Amino acid sequence: NSKVIQTPRYLVKGQGQKAKMRCIPEKGHPVVFWYQQNKNNEFKFLINFQNQEVLQQIDMTEKRFSAECPSNSPCSLEIQSSEAGDSALYLCASSGTGAERLFFGHGTKLSVL
Amino acid sequence: AQSVDQPDAHVTLSEGASLELRCSYSYSAAPYLFWYVQYPGQSLQFLLKYITGDTVVKGTKGFEAEFRKSNSSFNLKKSPAHWSDSAKYFCALEGPLNTEGADRLTFGKGTQLIIQP
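Just so you know, the sequences run in chain order B and L.
Counting with our numbering, you get residues 369 to 481 for the letters of the first sequence.
Counting with our numbering, you get residues 6 to 122 for the letters of the second sequence.
If you're looking for bench data, these hints aren't it; they were derived computationally from the structure.
None of the values given here were measured: they were computed from a predicted structure.
Check the hints yourself; a few may be wrong.
Counterexamples of contact, computed for chain L against chain B with all Cβ distances above 12 Å [as the list claims (entries may be wrong)]:
#, residue
1, Q11
2, V16
3, T17
4, Q47
5, S48
6, Q50
7, T60
8, E69
9, K74
10, R109
11, L110
12, F112
13, G115
14, Q117
15, Q121
16, P122
Partial pick of chain L residues on the chain B-facing surface, computed with a CB cut under 10 Å [as the list claims (entries may be wrong)]:
#, residue
17, K63
18, K66
19, K93
20, G113
All C-beta atoms in this analysis are idealised placements derived from N, C-alpha and C, irrespective of residue type, glycine included.
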């Protein structure tokens, strides 16, 4: 069973609505990633954090997407104004530093109607 | 730009056969390579990784993979296959470490493996 906890498992939003999902990384893991997996199984990296600080993020993330990983609170990914193309599985993963394996959560499946 | 190709979207085998799932990559420097598996209804799980050294790496669940620099491949193997190996398998590449921490993974599109009893 995954020790990376993502909530909710399913999220349904209308276009233009905010969508927010949360992730509790595995204890002791300083690095957190968010990926988007579309229906064609294509993974898109969104953003990653190390010790609450953003390491890398893609341009898309900088516009409608926002994310944070505060200390002692779940990490979160929020889409300010959902679009149909945002419908996907959003995966959170955590790891140690270095070329370490990622531990993935079950994901949040977002459907934008 | 780095990329990972898994040319076989679906592979079907009989139980007891040898399986080999293909993965090729494109990257200008030394890659770190991973295989992950996704069982129905479960999260992605780590199988194995190649960083450096021995080109044949062994992982969990009896899987192994061979890194071949000559043709930029990192194929996943197991013999014999079991029906419980039926799942979706993803090959992934990570660039060399930056000084700030873990770099991002680039995933292939995956291979759906079906093992028939």
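Q. Can you name, in rising order, the numbers of the hints this structure does not satisfy?
A. 1, 4, 5, 6, 10, 11, 12, 13, 14, 17, 18
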